[in-house]
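2 protein chains.
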Amino acid sequence: MKVKMPAEVCFSLPDWVEDYLASCKKIARTDEERMSLVIQAARRNILEKSGGPFAAAVFESHSGRLVALGVNRVIPENLSMLHAEIVAFSLAQHRLGNYDLGAKDLPGHELVTSTEPCAMCLGATCWSGVSRVVTASSDQDARSMGFDEGPKPGNWQKELEQRGIEVRTGVLRDEALAVLKAYRQAGGVIYNSRDGLRAHKPL
Amino acid sequence: MKVKMPAEVCFSLPDWVEDYLASCKKIARTDEERMSLVIQAARRNILEKSGGPFAAAVFESHSGRLVALGVNRVIPENLSMLHAEIVAFSLAQHRLGNYDLGAKDLPGHELVTSTEPCAMCLGATCWSGVSRVVTASSDQDARSMGFDEGPKPGNWQKELEQRGIEVRTGVLRDEALAVLKAYRQAGGVIYNSRDGLRAHKPL
Numbered sequence: 018m019k020v021k022m023p024a025e026v027c028f029s030l031p032d033w034v035e036d037y038l039a040s041c042k043k044i045a046r047t048d049e050e051r052m053s054l055v056i057q058a059a060r061r062n063i064l065e066k067s068g069g070p071f072a073a074a075v076f077e078s079h080s081g082r083l084v085a086l087g088v089n090r091v092i093p094e095n096l097s098m099l100h101a102e103i104v105a106f107s108l109a110q111h112r113l114g115n116y117d118l119g120a121k122d123l124p125g126h127e128l129v130t131s132t133e134p135c136a137m138c139l140g141a142t143c144w145s146g147v148s149r150v151v152t153a154s155s156d157q158d159a160r161s162m163g164f165d166e167g168p169k170p171g172n173w174q175k176e177l178e179q180r181g182i183e184v185r186t187g188v189l190r191d192e193a194l195a196v197l198k199a200y201r202q203a204g205g206v207i208y209n210s211r212d213g214l215r216a217h218k219p220l
Numbered sequence: 018m019k020v021k022m023p024a025e026v027c028f029s030l031p032d033w034v035e036d037y038l039a040s041c042k043k044i045a046r047t048d049e050e051r052m053s054l055v056i057q058a059a060r061r062n063i064l065e066k067s068g069g070p071f072a073a074a075v076f077e078s079h080s081g082r083l084v085a086l087g088v089n090r091v092i093p094e095n096l097s098m099l100h101a102e103i104v105a106f107s108l109a110q111h112r113l114g115n116y117d118l119g120a121k122d123l124p125g126h127e128l129v130t131s132t133e134p135c136a137m138c139l140g141a142t143c144w145s146g147v148s149r150v151v152t153a154s155s156d157q158d159a160r161s162m163g164f165d166e167g168p169k170p171g172n173w174q175k176e177l178e179q180r181g182i183e184v185r186t187g188v189l190r191d192e193a194l195a196v197l198k199a200y201r202q203a204g205g206v207i208y209n210s211r212d213g214l215r216a217h218k219p220l
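Taken in order, these protein sequences are the chains called A and B.
If you count by my numbering, then the first sequence holds residues 18 to 220, one letter each, in order.
If you count by my numbering, then the second sequence holds residues 18 to 220, one letter each, in order.
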């Protein structure tokens, strides 16, 4: 079978991120400081038309050091998995050379994300090794904008906590929700799993 | 803030995949033919020590043409998201230049995966645009090997079907389960979300 396929997939942050981070403080000590950095990135992402209205970051929990920022890159990179959380986890793991951000020789890490994770990102959070998750706008906020959050268990916070992952929700929620609304008002694409699906009879 | 971070993340299939695919038939017409191709790739992946005991592929549903094969690459690439399904979706979307495998100008696509999807891959399946999912070994098979499948709703098949995604489970289940067992017997790493997690007091 001769199958031509790409041997490699690459994705990257938008160019504006470098300057954006240069303008931020070196250490973000509080949840609110961390979330503010993230939400401003989500807003910048829609202004620059470099992806959807979502951002996330991995921080060292104790020091407040930013390890990696992620923004939604689904449409620019043509990869449906590139939600902000997946981008942030991947960049953090790549930077640290470890698929487990909770590895014993690493400081503790946490995810700070502008919207509560969808089903995919909820699962990805479990595998990432973070020991804490901080969120701003809610699952319901995202759904009210037309985004399908996917097949999540109703008790998603408890599911994380059972795996040793602490959860804090609603930090700067209004600011994050304003970004979602700005994206919708600007006519941003709201893709979900039902777009383009037709009834295929496979065999 | 001066943050040095990788601007780009890349991942690839193992080198053996090209030769493996050259040895396969051009078209896989039945679910069993498609699954056999996938399970043999999962077995090869553990023999070559190029990742975990999982493989998945995206096929065109009608024609049976293979669009992309994925294998688990978490440990070799140090990226926790690189389950076989994510790799297959990403390679397929990259190849077709579309984040939506269900886009109106594309033929219908399906995911054929050696093990029922974990929470992350279940969500990713919704965003991928496939209109059908075929599985071999079960969620319970994976859990019995020590893999945590994550926070999945109990009715995951119904959740997919509600989104227009047809599901068929248990195709060549015993063959896929044998690969999971072979991996465990060979002492393969069984990572999950609790490895390495400690109690961090974040602030």
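Simulated from the structure, these hints should not be mistaken for lab results.
Heads up, a few of these hints could be off.
Which copy is meant is left open, so a pair is good if it fits within one copy or across any two.
What the hints assert, rightly or not - In silico lysine to aspartate or glutamate, DMTMM-like type, Cα no more than 25 Å apart, as pairs: (1) 43 x 156; (2) 42 x 32; (3) 198 x 183; (4) 42 x 156; (5) 121 x 158; (6) 198 x 77; (7) 42 x 25; (8) 43 x 25; (9) 198 x 122; (10) 175 x 35; (11) 175 x 65; (12) 66 x 77; (13) 43 x 158; (14) 121 x 36; (15) 42 x 158; (16) 175 x 156; (17) 42 x 178; (18) 66 x 183; (19) 121 x 156; (20) 121 x 32; (21) 121 x 165; (22) 66 x 178; (23) 121 x 35; (24) 121 x 49; (25) 121 x 192.
Consistency of the hints with the structure:
In this assembly of identical chains, the alpha carbons of residue 43 and residue 156 never lie at most 25 Å apart, being 30 Å within a copy and 43 Å across copies at closest. Only within a single protomer do residue 42 and residue 32 lie at most 25 Å apart by alpha-carbon distance; the minimum there is 19 Å, versus 43 Å between protomers. In this assembly of identical chains, the alpha carbons of residue 198 and residue 183 never lie at most 25 Å apart, being 28 Å within a copy and 33 Å across copies at closest. When the C-alpha separation of residue 42 and residue 156 is checked against a cutoff of 25 Å, the pair qualifies neither within a copy, at 29 Å, nor between copies, at 44 Å.
In this homomeric assembly, residue 121 and residue 158 never come within 25 Å of each other (Cα to Cα): the closest approach is 36 Å inside a single copy and 28 Å across copies. In this homomeric assembly, residue 198 and residue 77 never come within 25 Å of each other (Cα to Cα): the closest approach is 30 Å inside a single copy and 37 Å across copies. For the identical chains of this complex, residue 42 and residue 25 are inter-copy neighbours only, at 23 Å across copies versus 35 Å inside a copy, given an alpha-carbon limit of 25 Å. When the C-alpha separation of residue 43 and residue 25 is checked against a cutoff of 25 Å, the pair qualifies only between copies, where the shortest distance is 22 Å, while the shortest distance within a copy is 34 Å.
In this homomeric assembly, residue 198 and residue 122 never come within 25 Å of each other (Cα to Cα): the closest approach is 41 Å inside a single copy and 30 Å across copies. For the identical chains of this complex, residue 175 and residue 35 are neighbours neither inside a copy (36 Å) nor across copies (43 Å), given an alpha-carbon limit of 25 Å. Proximity of residue 175 and residue 65 under a CA criterion of 25 Å is satisfied in neither setting, with 36 Å inside one chain copy and 38 Å between copies. Taking the shortest alpha-carbon separations for residue 66 and residue 77, neither the intra-copy value of 29 Å nor the inter-copy value of 32 Å comes in at or below 25 Å.
Taking identical chains as interchangeable, the C-alpha atoms of residue 43 and residue 158 are never at most 25 Å apart, the minima being 31 Å within one chain and 46 Å between chains. For the homomeric pair residue 121 and residue 36, neither the shortest alpha-carbon distance inside one copy (33 Å) nor that between copies (38 Å) is at most 25 Å. Taking the closest pair of Cα atoms, residue 42 and residue 158 never come within 25 Å of each other, the shortest separation being 29 Å inside a single copy and 48 Å across copies. Taking CA atoms no more than 25 Å apart as the test, residue 175 paired with residue 156 passes in both settings, with 15 Å inside one copy and 20 Å between copies.
Taking CA atoms no more than 25 Å apart as the test, residue 42 paired with residue 178 passes in neither setting, with 30 Å inside one copy and 46 Å between copies. In the homo-oligomer, the alpha carbons of residue 66 and residue 183 never lie at most 25 Å apart, since the shortest distance is 33 Å inside one protomer and 34 Å across protomers. Taking identical chains as interchangeable, the C-alpha atoms of residue 121 and residue 156 are never at most 25 Å apart, the minima being 32 Å within one chain and 28 Å between chains. For a Cα distance limit of 25 Å, the shortest separation of residue 121 from residue 32 qualifies neither inside one copy, at 33 Å, nor across copies, at 31 Å.
Taking the closest pair of Cα atoms, residue 121 and residue 165 come within 25 Å of each other only across two copies (19 Å); inside a single copy the shortest separation is 36 Å, beyond that limit. In this homomeric assembly, residue 66 and residue 178 never come within 25 Å of each other (Cα to Cα): the closest approach is 35 Å inside a single copy and 33 Å across copies. For the homomeric pair residue 121 and residue 35, neither the shortest alpha-carbon distance inside one copy (30 Å) nor that between copies (36 Å) is at most 25 Å. Taking the closest pair of Cα atoms, residue 121 and residue 49 never come within 25 Å of each other, the shortest separation being 27 Å inside a single copy and 42 Å across copies.
Taking the closest pair of Cα atoms, residue 121 and residue 192 never come within 25 Å of each other, the shortest separation being 35 Å inside a single copy and 35 Å across copies.
Violated hints, listed in ascending order, are 1, 3, 4, 5, 6, 9, 10, 11, 12, 13, 14, 15, 17, 18, 19, 20, 22, 23, 24 and 25; each of the other numbered hints is respected by the structure.
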